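Student: Read off the chains here:
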Amino acid sequence: MFKKILIANRGEIACRIIRAAREMGIKTVAVHSDVDRDCLHTRMADQAICIGPYSAKESYLNVSSIIAAAEISGADAIHPGYGFLSENTDFAEICESCGIKFIGPSKTAIEKMGDKIAAKELMKKSGVPVVPGSDGPITAETPNLLKLAKKIGYPVIVKASSGGGGKGMRIVNKEEELKGAIAMAMAEAKASFNDETVYMEKYIEEPHHIEFQILGDCKGKIVYLPERDCSIQRRHQKLVEESPSPFMTETLRRRMGRAARLAAATVNYVTVGTIEFLVDKHSNFYFMEMNTRIQVEHPVTEMVTGIDLVKEQIKLAAGEKLSFDSEDILLRGHAIELRINAENPEKDFMPCPGKVTQFVVPGGPGIRVESHIYSGYTIPPYYDSMIAKVISLGVDRDEAIIKLQRALREMIIEGVETTASLHKKILANENFAKGNVTTCFLQKNDFLTK
Amino acid sequence: MINEELNEELVAVLASLKDTDVEEFSYEAAGKKICLKKSAAPLMSCIDAQEAGTAEVEEEKNLIIKSPMVGTFYQAESRNHPPFVIEGNHIVPGQKIGLIQAMKIYKDVLSDVKGKITKILVKNGEPVEYGQELVVVDPK
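These protein sequence lines are chains A and B, in that order. If you count the first sequence from 1, position 25 lands on 25 in the working numbering, and the numbers rise without skipping. Just add 1000 to the spot in the second sequence (first one is 1) and you have the working numbering.
Here chain B stands alone, though its shape is the one from the complex:
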């Protein structure tokens, strides 16, 4: 059992360590020795941990297809063609989901995931930058 005085001291030390790069720490006082190792996740209360857990599941649920290059995004081969994919479609890795035009050259945007398209974030003919989110996919 840690006495109250030591406990207070420990809390102060832990608080000051929080924003440092210190990974490991040992503390010896009043005949007690405590060793701590920082984990990747910040310390949190039980309730916080539960909430974080749910959020993680939420995030895991959706996969994002990002733009491989800067240019203009097209959903179809041309105006007379139907779009490659629409919301609700099931897609597989390697499937063409759009085109990006840069310097009059068209490059296929291929899916690297499997699942159902829940949202297309970019309109036909809209400029996109490298790494921009294009399509949200539900893997289930």
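If we strip away everything but chain A, and leave its shape as in the complex, we get:
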């Protein structure tokens, strides 16, 4: 097992990893930018090293500084968390060449799943269902473009190959809109990812976003855990996640779980990862992408399965074998996670950095909070706006909702606007209570102000 892990991340996920490592008797090194000196992860770790100025490019994304920090602190492994360098193949490779274990899958697995077009191609070949599409990059000048779109069937969606977070995406309903939409998506993709490659696929109307957590060991064993439903999204950013999905049946779970296992096995996946699917109203499911890292919403799976995913991830990276099978997993209830962001939902989710004058953390049975903020903490404007995750576990979905409502009443965050006010409304919504959640939930239920 590792002796000392450096956490190449900040915020709540850095705290989460430090907690897991500490329980495993592993020393921790936090790295931070100069404005993050007071961030909780720097205080929680055994050691903290300032690696650069506020800009992520020069600190949390600066590979040589992070490796230097690992070298001077004597860390034998690096946990990348999510975001930043977590899905960066060069970083994974450099870690290995410096004799530092990258806590994640192999460089090859990240590479194969990182390119969204190539990943779909690969999945299609292995027999994992994928959304029908252009099977490769397109431009407005692609020969037979209109024919191809017609064959896929409108509406279609144009997406950036290196995309994420909803950038470089355009939904096209009519033939005459297609070329313009491609040009716009390409320009946006170029600006956001410095890569103008876009592709086209069938746009699934009002789908469910359902994903499967998988774990793989170095002996090639892969298990899947019960699904997470992350359908409640705003501009493709998840806001609420739950497990199990209110849409799920035993049969569909088994079919999707096996497809997820097959997807992970195709790239010889080791450690933890997530296979994301879109599911239409007829229970047809399509592979969307794989996230080759721990995810923000991992706690809902931990709550319903009792498995500590971060500890498992560390153990698997260290070469340990998986000690359970998918069939051993029993659902222990229903879990829901709310992402509390420092954003004003009344003002089109405008970010609200600033000083948190008071933070009272909710608690009690069935409530878990993951956060890096505290009373007096100043949220810097340079990084992600997520400041806390509130997770509940109830015997069933109704109880999980009641517990969250109770927790939100207890929680006090003063000094900044947060999405907590929106969550209160979502939890009280009739359609949410009935489990009628698709990716169009917020628009359909008038939660988004113009």
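These are computed hints drawn from the structure, not numbers from a lab. Please note: incorrect hints may appear among the correct ones.
Here are the simulated PhoX-like pairs of lysine-lysine, each with C-alpha atoms no more than 25 Å apart in a straight line [stated by the list, open to error]: (1) A:3 with B:1104; (2) B:1107 with A:107; (3) A:57 with B:1116; (4) A:3 with A:238; (5) B:1140 with A:57; (6) A:3 with A:27; (7) A:101 with B:1123; (8) B:1104 with A:4; (9) A:57 with B:1114.
Not close to chain A: a few residues of chain B, all C-beta gaps over 12 Å, as computed [unchecked claim]: (10) 1082; (11) 1096; (12) 1097; (13) 1112; (14) 1114; (15) 1121; (16) 1124; (17) 1129; (18) 1140.
Computed Cβ-Cβ distance ranges for the label pairs, DEER-style [stated by the list, open to error]: (19) A:358 with B:1082: 37 to 45 Å; (20) B:1138 with A:376: 31 to 39 Å; (21) A:354 with B:1138: 56 to 64 Å; (22) A:55 with B:1103: 15 to 23 Å; (23) B:1103 with A:37: 22 to 30 Å; (24) A:34 with B:1089: 27 to 35 Å; (25) A:350 with B:1119: 52 to 60 Å; (26) B:1061 with A:354: 31 to 39 Å; (27) A:24 with B:1123: 31 to 39 Å; (28) A:414 with B:1113: 37 to 45 Å; (29) B:1123 with A:354: 22 to 30 Å.
Quantities reported herein were computed from a predicted structural model and do not represent experimental measurements. Each residue gets a CB set at the ideal place from its N, CA and C atoms; glycine is no exception.
Starting from the structure of chain A, add chain B where the hints point.
Tutor: Coordinates of chain B only, in the frame set by chain A:
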């Protein structure tokens, strides 16, 4: 002349304003009007002000060269070479005062100030973080 009652009231108001973000304030009572504007420096007595002044001069006297990156600090090109600078040396902007190694790549640490080195705070081969103080320089 402010009467005593008003004075007491004013003191109370000023005390309660001290820890707020209020920048400007006007107060009207007993036919008198007082306008106040918070200055950047906190209110202090004459003696305090003098002391603060001296401390400022003290601070101004020394300049600090900070580490531009995280890594291992070296005072010389190699073990067989003399150090780039020692305490007592006069340095100019752009002068090399040390090296920092990260991922087997050496980067020069250059002075951005002019003056005499009064103290080198880091030993040869010691790890340094970004922004860590390396050298104290007297600009005179």
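Student: All the hints need checking, so say for each whether the structure fits it.
Tutor: Hints and how they fare:
A threshold of 25 Å between alpha carbons decides the hint, and for residue 3 (chain A) with residue 1104 (chain B) the separation of about 23 Å falls inside it, so the pair holds. The suggested pairing of residue 1107 (chain B) with residue 107 (chain A) is violated, with an alpha-carbon distance near 29 Å, which exceeds 25 Å. For a cut-off of 25 Å, the pair hint linking residue 57 (chain A) to residue 1116 (chain B) is broken: about 34 Å separates their Cα positions. Between residue 3 (chain A) and residue 238 (chain A) the alpha-carbon distance is near 35 Å, which puts this suggested pair outside the 25 Å criterion.
With a C-alpha separation of about 37 Å, the suggested pairing of residue 1140 (chain B) with residue 57 (chain A) is violated against the 25 Å cut-off. For the given pair, residue 3 (chain A) sits about 6 Å from residue 27 (chain A) by alpha-carbon distance, which is consistent with the 25 Å threshold. Among the hinted pairs, residue 101 (chain A) with residue 1123 (chain B) is inconsistent with the structure: their alpha-carbon atoms are about 30 Å apart, more than 25 Å. Taking the CA atoms of residue 1104 (chain B) and residue 4 (chain A), the gap is near 21 Å; set against the 25 Å cutoff, the hint holds.
Between the alpha carbons of residue 57 (chain A) and residue 1114 (chain B) the distance comes to roughly 31 Å, so the proposed pair goes past 25 Å and is violated. For residue 1082 (chain B), the requirement that its beta carbon stay farther than 12 Å from each beta carbon of chain A is met, with the minimum near 25 Å. The claim that residue 1096 (chain B) is not at the interface with chain A holds, since no C-beta of that chain comes within 12 Å of its own (minimum 19 Å). Every beta carbon of chain A lies more than 12 Å from that of residue 1097 (chain B), the smallest distance being close to 19 Å; the non-interface claim holds.
At roughly 15 Å from the closest C-beta of chain A, the C-beta of residue 1112 (chain B) stays outside 12 Å, upholding its exclusion from the interface. For residue 1114 (chain B), the requirement that its beta carbon stay farther than 12 Å from each beta carbon of chain A is met, with the minimum near 24 Å. Every beta carbon of chain A lies more than 12 Å from that of residue 1121 (chain B), the smallest distance being close to 15 Å; the non-interface claim holds. Non-interface status of residue 1124 (chain B) relative to chain A is upheld: no Cβ of that chain comes within 12 Å, the nearest being about 14 Å off.
Annotated as non-interface, residue 1129 (chain B) brings its C-beta within 12 Å of a C-beta of chain A; the closest such distance is 4 Å. Look at residue 1140 (chain B): its CB is around 29 Å from the nearest CB on chain A, clear of 12 Å, so calling it non-interface holds up. Range check, residue 358 (chain A) to residue 1082 (chain B): about 57 Å between beta-carbon atoms, so the 37 to 45 Å window is missed. Taking 31 to 39 Å as the suggested C-beta distance range, the pair residue 1138 (chain B) and residue 376 (chain A) conforms, at roughly 37 Å.
Hint check: residue 354 (chain A) to residue 1138 (chain B), Cβ distance near 39 Å, so the stated range 56 to 64 Å is violated. Take residue 55 (chain A) and residue 1103 (chain B): their Cβ atoms lie about 20 Å apart, and the range 15 to 23 Å holds. Our hint of 22 to 30 Å for residue 1103 (chain B) and residue 37 (chain A) holds, since their Cβ atoms are close to 24 Å apart. Distance hint check for residue 34 (chain A) and residue 1089 (chain B): the Cβ-Cβ separation is about 28 Å, which falls inside the suggested range of 27 to 35 Å.
Evaluation of the 52 to 60 Å hint for residue 350 (chain A) and residue 1119 (chain B) yields a failure: the beta carbon distance comes to about 47 Å. A C-beta distance of roughly 36 Å is found between residue 1061 (chain B) and residue 354 (chain A), which places it inside the suggested range of 31 to 39 Å. For the hinted restraint 31 to 39 Å between residue 24 (chain A) and residue 1123 (chain B), the CB-CB distance of approximately 34 Å keeps it satisfied. Checked against the hint of 37 to 45 Å, the pair residue 414 (chain A) and residue 1113 (chain B) passes, with Cβ atoms roughly 43 Å apart.
Look at residue 1123 (chain B) against residue 354 (chain A): about 40 Å separates their beta carbons, and that is not inside 22 to 30 Å.
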